[in-house]
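Going down the list, the sequences are from chains A and B.
In terms of our numbering, the first sequence opens at residue 1 and continues consecutively.
In terms of our numbering, the second sequence opens at residue 300 and continues consecutively.
Be a bit skeptical, because a hint or two may be false.
[To be verified] To be clear about the criterion: a stretch of chain B counts as covered by chain A if any three or more of its residues have a C-beta under 8 angstroms from a C-beta of chain A, and this derived list gives those stretches:
1) 410 to 423
2) 565 to 576
[Unchecked claim] Result set (DMTMM-like, lysine to aspartate or glutamate): computed pairs, CA atoms no more than 25 angstroms apart in a straight line:
3) A/Lys26 <-> B/Glu575
4) B/Lys373 <-> A/Asp240
5) A/Lys239 <-> A/Asp261
6) B/Lys590 <-> A/Asp91
7) B/Lys579 <-> A/Asp91
[As the list claims (entries may be wrong)] DEER-style ranges, computed between Cβ atoms:
8) B/Asn567 <-> A/Lys148: 16 to 24 angstroms
9) B/Pro459 <-> A/Asp91: 43 to 51 angstroms
10) A/Val41 <-> B/Pro490: 50 to 58 angstroms
11) B/Glu591 <-> A/Asp237: 34 to 42 angstroms
These are calculated hints, taken from the structure and not from any lab test.
All C-beta atoms in this analysis are idealised placements derived from N, C-alpha and C, irrespective of residue type, glycine included.
Next come the chains, spelled out residue by residue.
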Amino acid sequence: MIVPPYLKKGDTVGIVCPSGFLPAKKVTDCIHVLKSWGYQVRLGKTVGNQYHYFSGTDAERLADLQQMLDDPEINAVLFGRGGYGLSRIIDSISFRSFSRHPKWLIGFSDITVLHAHLYQRVGVASLHAPMAAAFAKPDLSSVITLKKALTGKKQSYTCLPHSFNRVGSVSGRIIGGNLSLIAHLVGSRSALQTKGAILFLEDIGEYIYNIDRMLIQLKRNGFFNQLGGLLIGGFSDCKDTEIPFGLTALEVIQHQIKEFDFPVCFNFPVSHDIHNVAIKHGMAYHLSVTNKKVLLKEI
Amino acid sequence: MATGFLSASSFTAAANSAKHNPRKWKIPPHLKPGDVIGITCPSGFALAEDVAPAIQYLQNWGLQVVVGKTVGKKDHTFGGTDQERAEDFQELINRNDLKAILCAHGGYGAVRIIDRLDFSPFKKYPKWVIGYSDITVFHSHLHAYVGVASLHAKMAEGFPSDPSIFEPVQLQALDTIRKALFGEPLQYAVPAHVRNRIGEAQGILIGGNLKMIETLAATKSDVDTRNKLFFVEDVGEALYSIDRMFCNLKRSGKLSKLKALIVGSFTNIRPDDPKEPFGKTIYDIVWEQVKEYDYPVCFDFSVGHQKNNVALKCGVPHRLEINNTQTVLTEIQHP
Numbered sequence: 001m002i003v004p005p006y007l008k009k010g011d012t013v014g015i016v017c018p019s020g021f022l023p024a025k026k027v028t029d030c031i032h033v034l035k036s037w038g039y040q041v042r043l044g045k046t047v048g049n050q051y052h053y054f055s056g057t058d059a060e061r062l063a064d065l066q067q068m069l070d071d072p073e074i075n076a077v078l079f080g081r082g083g084y085g086l087s088r089i090i091d092s093i094s095f096r097s098f099s100r101h102p103k104w105l106i107g108f109s110d111i112t113v114l115h116a117h118l119y120q121r122v123g124v125a126s127l128h129a130p131m132a133a134a135f136a137k138p139d140l141s142s143v144i145t146l147k148k149a150l151t152g153k154k155q156s157y158t159c160l161p162h163s164f165n166r167v168g169s170v171s172g173r174i175i176g177g178n179l180s181l182i183a184h185l186v187g188s189r190s191a192l193q194t195k196g197a198i199l200f201l202e203d204i205g206e207y208i209y210n211i212d213r214m215l216i217q218l219k220r221n222g223f224f225n226q227l228g229g230l231l232i233g234g235f236s237d238c239k240d241t242e243i244p245f246g247l248t249a250l251e252v253i254q255h256q257i258k259e260f261d262f263p264v265c266f267n268f269p270v271s272h273d274i275h276n277v278a279i280k281h282g283m284a285y286h287l288s289v290t291n292k293k294v295l296l297k298e299i
Numbered sequence: 300m301a302t303g304f305l306s307a308s309s310f311t312a313a314a315n316s317a318k319h320n321p322r323k324w325k326i327p328p329h330l331k332p333g334d335v336i337g338i339t340c341p342s343g344f345a346l347a348e349d350v351a352p353a354i355q356y357l358q359n360w361g362l363q364v365v366v367g368k369t370v371g372k373k374d375h376t377f378g379g380t381d382q383e384r385a386e387d388f389q390e391l392i393n394r395n396d397l398k399a400i401l402c403a404h405g406g407y408g409a410v411r412i413i414d415r416l417d418f419s420p421f422k423k424y425p426k427w428v429i430g431y432s433d434i435t436v437f438h439s440h441l442h443a444y445v446g447v448a449s450l451h452a453k454m455a456e457g458f459p460s461d462p463s464i465f466e467p468v469q470l471q472a473l474d475t476i477r478k479a480l481f482g483e484p485l486q487y488a489v490p491a492h493v494r495n496r497i498g499e500a501q502g503i504l505i506g507g508n509l510k511m512i513e514t515l516a517a518t519k520s521d522v523d524t525r526n527k528l529f530f531v532e533d534v535g536e537a538l539y540s541i542d543r544m545f546c547n548l549k550r551s552g553k554l555s556k557l558k559a560l561i562v563g564s565f566t567n568i569r570p571d572d573p574k575e576p577f578g579k580t581i582y583d584i585v586w587e588q589v590k591e592y593d594y595p596v597c598f599d600f601s602v603g604h605q606k607n608n609v610a611l612k613c614g615v616p617h618r619l620e621i622n623n624t625q626t627v628l629t630e631i632q633h634p
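Same shape as in the complex, but just chain A (with noise of 0.2 angstroms):
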């Protein structure tokens, strides 16, 4: 895994929108801190840019972010929003200049494609962390993270225990993020390997029947067969059918899980929500969860 270099006072980041559409004043708050972190900011052509749901058609996109990807002065590329749409341009983007000169690609949510991808094809890490909507929010705790991230700091999170976790230690490489995306992804050529991995996942809005279709769509594959461990993040709007489903969402997770003995921790704080830390897609961790506390600690 290659780990692209960290920043430094008057690097780049560039900014742009793989995926769904993101007013320009959405973008104040990110580059106004990004520059009081010292970095300068270069705004693609898709920010602020809307082609009917998306911020942008396929190729003005693929073009915006092939030329971040390509652009030597750019540094990290922190992505703007997610929503839908890498799934369409994947498959156009060139790495073939990015892997020799990698840099930070930063995001959530649909970004899962591409951290995926980057895992599996490339050999990149990346980050999992929040987007330029987080930076405006009160609370930039997790923000914070992001940017002792790219400075190459190496960081440990903790969370309370909760009553679903199984105890048990593990290192491995971390991968993961939106479930929704990970599921979709299983067939394809950017489906994740999860062997000895620390697997997490996060999810928006999803009914929780689906929840429960995709834990077993990703049973079915074997995902969790050779699995290290797993951190289970939030799982925000969670909807239910008229019927209820009889099970919260975190129980259904619980229930699919419990024929594995990897170790697990629940409510990890990586979600759509206020709580959403800086993970280094791909590198090593150690995940240790006991009766007391858990601890992810990058190695």
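Position chain B against the provided structure of chain A, taking the given hints into account.
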């Protein structure tokens, strides 16, 4: 139980399906008056009164009906616990006198029990499994793993207590189940759609609910669509989600080597956020994914969550003709 397929790359997925994918699909014997058909709930629940009209119809067709224990059972949204639904389905699989299994209702739940079922009795006594929507799990599994043809059609809940409340098209759709089961040759014609890609093709028919097909990707129930007539339909999905599922079909290699693509209905599409309309129709979405290929494509075929949802024999050879006036799908009997 999960059986440990090694990874999810398209290469191993292809290898898996090549290993398990049968070349020929055993076609269950057609039914005769006096034959036995079972009704069961492998997914969502159905009450006794929901299936009563179906029982009446099946008896009028001259069949004996066995009502499974899950009919009338209810475990939240399911027709019984996983254990109960699997046991009920297995009992029907195991009965040598039974010629067909009619699922009562779709919803969600088939994928929770499919790996508990032992289809080995199908080798000697194959039976028609009938249903759609969530029952796509069965069609795919029977196609990819067991090697037996099945019937994509309306379910027990879809029969009317009073035929006069149904439109002719609904009654005709229900009657295609009878025709299919009793071995009358099936042929369906639908009007041409302006976005169709005309042409002729011949191949094994397979398909079903798009969401379920995506959910089965890179599992042992994943269908190999090469050289097939492939049909898809869905209900209640947002356009972006349909687009994403078509990306999945393409990226998992399911669109590149088709004989033809048959697009059924996409009904009750979830409305977009008015501030961010998706901006593409279902026709645009499909066309973008298949424009680089040259096989025939037809839209608005009579399959889906709609009144006109005709019986389609999965795993059976068909001929498809798409011309400027109509699309005709014809079953090839005694291939």
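Taking each numbered hint in turn, which are not upheld by the structure, reported in ascending numerical order?
As far as the earlier hints go, 5, 8 are violated by this structure, in ascending order.
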